[in-house]
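These protein sequence lines are chains A, B and C, in that order. The numbers in this note's numbering rise by one with no breaks, and the one at position 306 of the first sequence is 306. The numbers in this note's numbering rise by one with no breaks, and the one at position 207 of the second sequence is 207. The numbers in this note's numbering rise by one with no breaks, and the one at position 97 of the third sequence is 97.
Source of the hints: derived by calculation from the structure; they are not laboratory data. Incorrect hints may have been included.
[Claimed, not checked] List of simulated lysine to aspartate or glutamate pairs, EDC-like, C-alpha gap at most 20 Å:
no.: 1; chain 1: B; residue 1: 193; chain 2: A; residue 2: 68
no.: 2; chain 1: A; residue 1: 64; chain 2: A; residue 2: 115
no.: 3; chain 1: B; residue 1: 99; chain 2: C; residue 2: 8
no.: 4; chain 1: C; residue 1: 129; chain 2: B; residue 2: 6
no.: 5; chain 1: A; residue 1: 350; chain 2: A; residue 2: 218
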Amino acid sequence: MNVELKNITKNFGSVKVVKDFDLSVYENEFVSLVGPSGCGKTTLLRMIAGLERPTSGEILFDDKAVKDVAPANRDIAMVFQSYALYPHMNVYKNLSYSLKVRKTPKKKLRERVLEVANILEIDQLLERKPKALSGGQKQRVALGRAMVRNPSIFLMDEPLSNLDAKLRVTMRAELKRFHINLKTTTIYVTHDQLEAMTMSDKIAIINKGRLQQFGTPDEVYNRPANLFVAGFIGSPPMNLLKGRIVDEGGSFSFAIDSSKHNLPKSYNETLIKGWAGKDIVMGIRPQGLTLVRETTGQCSEAQVYTVENLGSEKLVDLIFGKKTRLKAQISSDETVRVDERVWFKVDENKMYLFNPESGNVLERAQ
Amino acid sequence: MIKFSDRQIGIIFIIPFAIVAILFMLYPVIEAIRVSFYAKNPLRPNQESFIGFANFVFIFRDPLFWSSFFQATIWTIASITLQTILGVGLALLVHIPLKGISIFRGLFIFPYMVPTVVIALVWRWMFNPEIGIVNYLLTTMGIIEEPIYWFSSQSMSMVSTIFLNVWKYTPFVLICVLARLQTIPLELYDAAKVDGASVLRRFKDITLTQLSEVLSVVVVFRTVWTFNKFEEIYLLTRGGPGTSTFNLAIYAYEQSMANLKMGVSAATGVVMMFILFVGSMLYLKLLKFEESE
Amino acid sequence: MKPILTYEAREVIKKAFCYFVLFVITVVFCFPLVWCLSTSFKPAKELFANPPTIIPDKYTLTHYKNLIYGKSMYYEADVGYKPDSSPPQHFLSWFLNSTIVTLGVTLISVVVSTLAAYSLTRFEYAGRKFIPYFALLSYMVPSIILVFPLFLVMVKFHLVNTLFSLILGYISITLPFSMWLMWAFFRGIPIEIEEAALIDGASRLKVFFQIVLPIALPGVISAAIFSFLVAWNDYLIARIFINSIEKLPLTVGVMHFFEGVHVNWGLMMASAVLMTVPLIFLFIFLQKQLVAGFGAGAVKG
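Modelling step: build the complete structure from the supplied sequences, incorporating the hints.
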């Protein structure tokens with residue numbers, strides 16, 4: 001089932017929670033809605049489910065408008081953040097509820113429930129009530145309840161956020177696998193960009209009710225559309241530095257304080273000319289910084305604040321100027337000491353330039 | 001400053017309660033049971049004679065006792081049924097997040113706060129057959145042709161007392177149910193909507209199921225209390241006309257006050273306590289049942 | 001197939017219906033008291049007006065005046081009993097009696113039950129687990145059973161026909177439930193707070209008065225409201241314990257108005273209003289507390 005959102009706006013009283021939102025999800029895609037708390041992603045999911053009604057705009061399932069269709073008739077299933085298992089029913093009854101309500105014959109109902117319980121490995125828990133289950137078990141029952149009906153769309157509202165870290169990592173892979181096996185359109189809400197990146201075919205990044213960028217994990221990571229996406233996707237986050245484009249007799253560089261860095265060659269010259277002398281924001285991921293002990297011209301001086309040893313690499317916290325903080329990633333073989341004075345070089349091929357007012361990225365020529 | 005040990009403080013703190021409890025809670029109950037085996041005139045409290053089970057024989061043979069019992073049962077069942085249905089219904093209504101709903105919530109508690117005496121007075125005024133507002137409204141609206149004798153006809157006096165009881169105590173049910181309603185997670189309803197349950201279905205499977213514990217407690221409590229209530233009936237009808245609205249409490253009262261038979265009154269009290277005991281056991285069983293769930 | 005009414009229209013209709021029902025219920029719940037209030041301000045003639053008026057055409061404070069000045073009116077005017085004005089000369093005494101008794105009951109109830117409940121939850125001795133349930137159970141004993149033996153106890157202590165007997169009588173009803181309330185409340189207060197203070201060097205008594213009591217205030221207020229209601233509203237115990245008319249509290253006194261040949265409804269409604277007014281003030285100021293107390297104590301059982 002395709003899902004399309006056209007120009008969706010949602011107001012709660014005078015508060016605008018979702019603004020002019022457009023989205024297209026194709027059959028069998030796994031799409032994540034990511035963003036910070038309060039950005040409107042859960043509201044969007046609830047509108048797709050039919051639990052909230054858009055103030056304006058259209059929602060289409062396979063080109064049919066569903067705004068006036070009740071959730072029960074949209075052929076969807078939903079996994080809630082708190083699982084929302086019926087507390088007075090045992091696992092079997094929880095799983096079979098939706099089928100029972102639709103008057104499915106007993107035999108078929110039983111077959112289907114057992115089938116799903118088997119897949120999720122909860123068949124030993126069928127007699128238990130929700131309060132006797134662990135977090136991970138509850139989550140699987142919630143998933144099972146959604147799977148039992150074989151819906152055309154799966155909606156998931158932060159289903160992993162109540163699990164402990166280790167379980168979350170395991171379940172990420174499990175959910176991804178389920179999606180591959182079930183071949184059903186899935187829309188997944190999370191505030192964790194890592195979850196979105198690892199599981200989705202496409203990611204919709206949302207901030208303050210507006211869509212920031214919609215693309216594949218590769219696209220949003222390597223070609224962020226604006227400052228928000230650049231700073232949100234990737235961990236540790238991209239470093240953002242305020243500086244200026246300077247024109248040195250025909251050759252342009254990015255200047256910050258008293259140091260200068262080369263610009264990537266992929267930028268259109270006319271574009272860069274237009275920015276000469278103006279303030280601009282430069283973004284570079286920690287992996288794009290190299291640390292040297294002597295200045296070589298195209299670098300800036302900084303002081304080491306802390307060093308975090310991650311085992312496979314090291315993260316160095318630098319203080320640049322008086323207050324700007326940067327993170328650089330170096331290999332675990334290199335050593336730097338705290339409070340040491342070092343110089344960092346920017347890899348110009350991994351550099352991004354952003355318009356400081358609009359936040360939008362400057363497009364590269366390619 | 002004298003330093004008290006923990007244990008001493010603990011005991012000092014509970015002594016006032018213990019004194020009051022023994023003198024004014026324990027002793028009267030024991031005495032009430034004891035007197036039921038005696039013939040005692042309240043005006044001559046020092047002359048009492050032991051008569052064994054004679055008081056109990058008397059009441060079990062007294063047709064007035066049985067009609068009181070029967071009337072009390074009817075009164076209780078009718079009152080509780082109405083209170084529960086209305087209480088749940090109103091709680092659901094007041095749970096809807098409409099604007100200004102908190103004002104209504106406050107107003108609906110009102111009847112419970114008003115003294116029974118005041119309500120009895122107002123009821124007597126409002127339901128006065130000749131000059132009361134109720135009969136006036138009913139006749140002008142064409143619902144009845146002749147004034148209803150709310151307190152002097154046997155059937156209607158029972159209705160009047162039931163009406164008073166329901167009016168006063170529905171808010172109690174409302175508060176208890178509302179408190180529970182407010183703890184039901186809203187996501188359960190969302191899940192049920194997505195699963196395909198209709199409004200009625202959601203009410204049955206989620207709301208009623210979640211309310212069942214509270215309701216059973218409230219119903220048991222209110223049933224026990226209502227069965228033994230004195231003021232609500234006495235102040236309105238004195239148990240009349242005749243004895244048509246007598247319940248066991250009024251029966252016991254009249255035995256002591258009018259017939260000067262304190263022993264009989266105490267025997268009735270023992271029967272009432274027994275009924276209460278059965279009710280409490282039921283309540284405890286319900287509690288245990290929930291805990292084992 | 002499009003529904004006949006738009007979604008917005010249906011929502012408006014649903015809301016309107018809800019408000020309508022709420023309004024009807026409000027009328028049912030509040031009308032008796034409104035009517036009582038209205039009647040209390042009507043002059044005698046207008047009481048029987050046809051059609052009856054909700055807002056009186058003519059206001060009069062005669063009934064209230066009769067109640068408040070009743071006593072002096074009787075003595076000053078030296079008037080004999082008139083068929084259409086039953087002497088309300090004791091009304092003020094009744095009001096005073098009710099006030100004294102109620103305040104006494106509330107104070108004693110709250111203090112004794114709080115101390116007892118704290119003792120039960122914090123100190124070890126035999127029976128501490130059993131006593132709260134015993135208290136709750138004894139609350140369920142209807143007063144009709146207790147009233148006559150209690151009366152005999154009062155006789156033994158020569159307390160019959162005194163306000164103090166009423167205070168004692170009411171305490172026997174309010175104490176169990178207040179104790180249960182405070183006990184449930186204290187159980188919910190984490191003991192770590194007190195332990196921290198004890199470690200800091202405070203004495204047990206200091207901890208109780210300076211730390212625990214302020215936290216337990218909502219429970220204390222609930223217990224106080226409950227005791228207040230019981231003492232102010234009771235009829236049966238006062239009826240049996242008190243003989244002389246000037247020592248009666250409001251509840252029993254006001255029922256005496258029915259014993260005249262002619263019932264003065266305006267006067268009665270005025271007395272009903274005056275009897276309810278203190279409760280309304282109590283209610284308005286402490287509304288939130290009441291609902292919270294009910295929810296915690298009664299439902300948990």
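Could you grab the alpha-carbon distance between residue 193 (chain B) and residue 68 (chain A) and see if it respects the 20 Å cut-off? At roughly 14 Å apart (the allowed maximum being 20 Å), residue 68 (chain A) and residue 193 (chain B) satisfy the hint.
Residue 129 (chain C) and residue 6 (chain B) were given as a pair; does the straight-line alpha-carbon distance stay at or below 20 Å? The given pair, whose Cα atoms are some 18 Å apart, holds under the 20 Å limit.
Just to be careful, I want the Cα atoms of residue 64 (chain A) and residue 115 (chain A) compared with a cutoff of 20 Å; is the pair within it? violated, 32 Å
Is residue 99 (chain B) within 20 Å of residue 8 (chain C), Cα to Cα? Since the Cα atoms of residue 99 (chain B) and residue 8 (chain C) sit roughly 17 Å apart, the hinted pair holds (cutoff 20 Å).
Residue 350 (chain A) and residue 218 (chain A) were given as a pair; does the straight-line alpha-carbon distance stay at or below 20 Å? Judged against 20 Å, a Cα distance of about 14 Å means the pair holds.
Hint 2 from the earlier list is the only one contradicted by this structure; the remaining hints agree with it.
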